[in-house]
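**Student:** Chain by chain, the residues run as shown.
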Amino acid sequence: MTTKPAPKIQRGKRRRSLEYHDSIWGYCFIMPMFLGFLVITIAPIIATFVFSLTDKNMLRPDTTFVGLKNYADLLSDPIFQATVRQTLQFTLLLLPANVIISLLLASLLKDKFKGCGFFRTAIFTPVVISVTVWGVLWRYIFQTDNGLVNSLLKMVGIQGPQWLFNTTLAIPVSVFVTLVKGIGMNMVIFIAALQDVPTEYMEAAALDGASKPRRFFSITLPCISPSIFLVLILTTINSLRVFAQIKALTNGGPGTASYVMVYYIYQMAFGSYKFGLASAASVILFLIIVLLTVLQWNMRKRWVYHED
Amino acid sequence: MKTKQINNERARRAAIVRKGLKYALCILIAVVMLFPMYWMFTTSFKTPMNVAKFPPQWWPNPWTLENYAEIFTQRPFLKYLWNSLYTAVLTTAGVVLFSSLAGYAFAKIKFRGSGILFMVILCGMMMPIEVTIIPIYTALASMGLADNHLGIIIVPMFGYCGAFGTFLMRQNFLTVPSELVQAAKLDGASQPRIFLRIMMPMAVSSISTLVIWTFLQSWNNFLLPLVLLSSSDNFTLPLGISLLSNESGMRWELVMAAATFSSVPILIVFYLCQNKFMASLSMSGMKG
Amino acid sequence: MKKTISLFLVLAMLLAALSACGDGGSATSNPPAGGNTDTPASSAPTDSPSGDPVELTISIWGDEARAAAFTESLADFCAANNCTVTINTCAVADYYDKLSTQLGAGTASDVFWVADSKEGTYISGGWCANLRDVLEADAAWDIGDFYENVLERTDYIGDGGIYGVPFSFGVRAIFWNKTLFEAAGVKTPAECVADGTWTYETMFDLGSQINAYDSAKIGVRLWPVGNIGNAINDFADIWRAYGTDIVNSNSTEFTLDSEGGIKSTQLVYDAMFKQNAHAKPGDDTAFLSGNVAMARDVFSYMRNIAEGSVDFEWDIVPQPYGDAGKDGPLYTGYAYWCANANGDHVELASKLIRYITSSEKQLEWCGTFLTPRASVMTSDTLLNRGEGYPSPESIKAAFVDSVDERGLTGYTATADWTLFQTTAEQYHELIWAGSYSVEDGIAALKEASQQYLNR
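Top to bottom, those sequences are chains A, B and C. Numbering follows the working numbering, in which position 247 of the first sequence is assigned residue number 247; successive positions increment by one, without gaps. Numbering follows the working numbering, in which position 116 of the second sequence is assigned residue number 424; successive positions increment by one, without gaps. Numbering follows the working numbering, in which position 282 of the third sequence is assigned residue number 878; successive positions increment by one, without gaps.
Simulated from the structure, these hints should not be mistaken for laboratory data. Misleading hints may appear alongside valid ones.
Heads up, incomplete: computed chain C residues facing chain A, CB under 8 angstroms, no partners named [unchecked claim]:
#1 Phe673
#2 Trp723
#3 Lys876
Computed far set for chain A versus chain B, every beta-carbon distance over 12 angstroms [unchecked claim]:
#4 Gly26
#5 Pro44
#6 Gly157
Fair warning: this is a prediction, and the values are worked out from it, not measured in the lab. Ideal Cβ placement from N, Cα and C applies to all residues, glycine included.
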């Protein structure tokens, strides 16, 4: 469904001048945000690109240009390769789980019923808690011997694993903890979208005898697709940039099993002051995110309603 | 007639079962979600020794208010609260204003280069702050804004939060039928008027989402204030919480008291406002 | 027309973008020494005895109370030198993130703290001023009072300077829970010390007996809560007790793949996973809870327990011996006062350090920090901590005599010491996670860490 072209009574000059005025207003409206962005966001990004070509060390005064050496070093570093792999793994695990579960929760809680306010607030609770405190709370819950999970397992006679000190479990556990923290916000976005789905459509479809799942897939989903698109892109970006909860939960361990890109970058920049190398790693992360976002952006017209 | 009754009966029973299942599911999820909060809350009333007890104390015994007494009387948490509150409010106000404007322009006004410019703004969400913080800090310091709250207000405003807001508002305004805008234009309404009178009232739901989200981002922001602010008079709550440690590690009972203190009020506000805010969505049902 | 105007607008934005970048670029590429030339304070005359008071800034880690106490502690100094001090504090975990950023931007404080694992990087980067002249100018300050080497070892440049003055060192003792030992009926550490059987093997054996008595109790915890037993810090003492170390004295060679290194690491591994004598990695039960029989910790931890209203009796003993007996030196980290070499008031900052590290001032702080000054370490103030603390004899045996007997050494930090530490942590975690045997893990660590050592 595309928007209808405007009535064609306004032809020629009048219409063109209207559009022209519009575009001026367009620039005016984005100007404050855009100018701020140039200074606060774009300039540091450009600075990062420049630093990535140097051997800048935060604690050394002299900086020399080294070309692409940092990139070559990174790409040949097995730890960095593993880091990129783990970051993508984290994203691939989190993305579908996050979108599907928060959508399910939203459809469960979109209608008013007794106690829905409480349940919504309960699911929203983790969003409010700071990431560091959150990570620490779950580290406590996942402790090996005296942790809550393993204590519960012990009651039913199971010896629980070392959740956070197990090379295969570290990433899935971090994904779980991030998931629980984040779905509340996505749920709120989805509830807002779901409540905007015009009831007339649903009623009409119900009268036509469309089954519930069918109504969901052919009416609800297209109607809320702009929000799904938003959540999809946000989750992708956020999971590629995940850091604080990993730092609090596993601190990258065991070994490098839960190193993610921002953790690596942080280690390089603040742990060993190799700012040039950290910048190069950031540029790589940036390019990965841009690539995935542009990919999703270009595919949006196929499935996102209202985008044309 | 009879079959219909049976069918009704069956449908009624099915509805009860469905309702029961729904509640069971909701309660299960709520337990998982609330457990960390419960733990945080109860720990904040325990004595230092009981925090580390094993098996864990599910219920503080004895209850103590000393942790709260310490953070309010011996540590300037009210000042941290004020710093957090007013910077978060200003950040949120700026983000809502600037990103609604930009989001509307990107969604409903055709102008050259809008796609590229939108992508540029999205970049604000893509570069990790862990690296850009250093050029940002150097630039702010050279402008004399080191150890100044202005920094922790404008950096999120024109960075991560601003980008998110612009994106959210764009997606929201997309769902407003273009016919509305066209009709208003034919009536001779100017763009600012359309934005203020037609668009903004219809975007209340998204604005509420944006307000909550931005406020929380600012409220829980850590790395930026850590690097930017140096005197403890300027500290925000997360920085105050990080100070609750000594050489032998964190003082959990105090951390939990401070964390409870900084999150429970927001939850109460959310609980009280959510019905209103969710209802406002349905009222703007003229969309679509 | 429409086209030209939109083109113009895009151009204007581009221009704005470029100028903004130029701005950011030039600001960020300033060399650190130049970074502070344009700060307003530099125009003020330095160390003026009259006129407006000079404002000195100090960066430390710790809480607000500590900052306030230092401000008070420095009041006389300020009055005498016509200056004011502002103390900026920060959590120890975030301290260097902040300090390095501020140094890079030229906004760092005049005086700051640096711990020895980082000092190599900061001193060889030229960020710390040479304090020797100022310190020697005051005979009462008494350089000779400090433990051997602690001042000289700050000379990473090799010009004979003193680049930092230690205010704290981290020698550790074993805290043990008397009540728990009594309840379990297990031979106590104090008895083992008395009859000369106080070794790591004995300690883990006692720990496993405690765990056998009650599986909810933890026998031994060597590292503080929050640490997972992977850091050099966590193992240095036990390696040395077995006559070895992770690197040689000038950090040119990896030496943990020796017999003692493998034996001591295996001992800890077995204590954790076979004997159930030691807390497992990631277990956060604190000694304070009363559920840990023996815990190793630093001097200032005594205060946590003494003020933690605990319901058990406790005491301290020196760390156990290993195969090397009395020849295994104890490990310590140091924390130093340093003056910002690029600050505006280097001279005054150095004087402040001299003032705050005098033996009287360090005595004032000895409840919090253990200072490597002989006069402080033997003082009554330090030993007699009062109500709720162990007896002066216990404190003396654990923190003073053990150092005299076994000696004390730190590490020579290399330029990439942080990366070396991180690598060591990673391989220890992998050993605990079962990805490597102890021997293979150490061999793999040796291979991975070569690049971070001195040549």
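**Student:** Please name the hints from earlier in the document that this structure breaks, with their numbers sorted from lowest to highest.
**Tutor:** 1, 4 and 5
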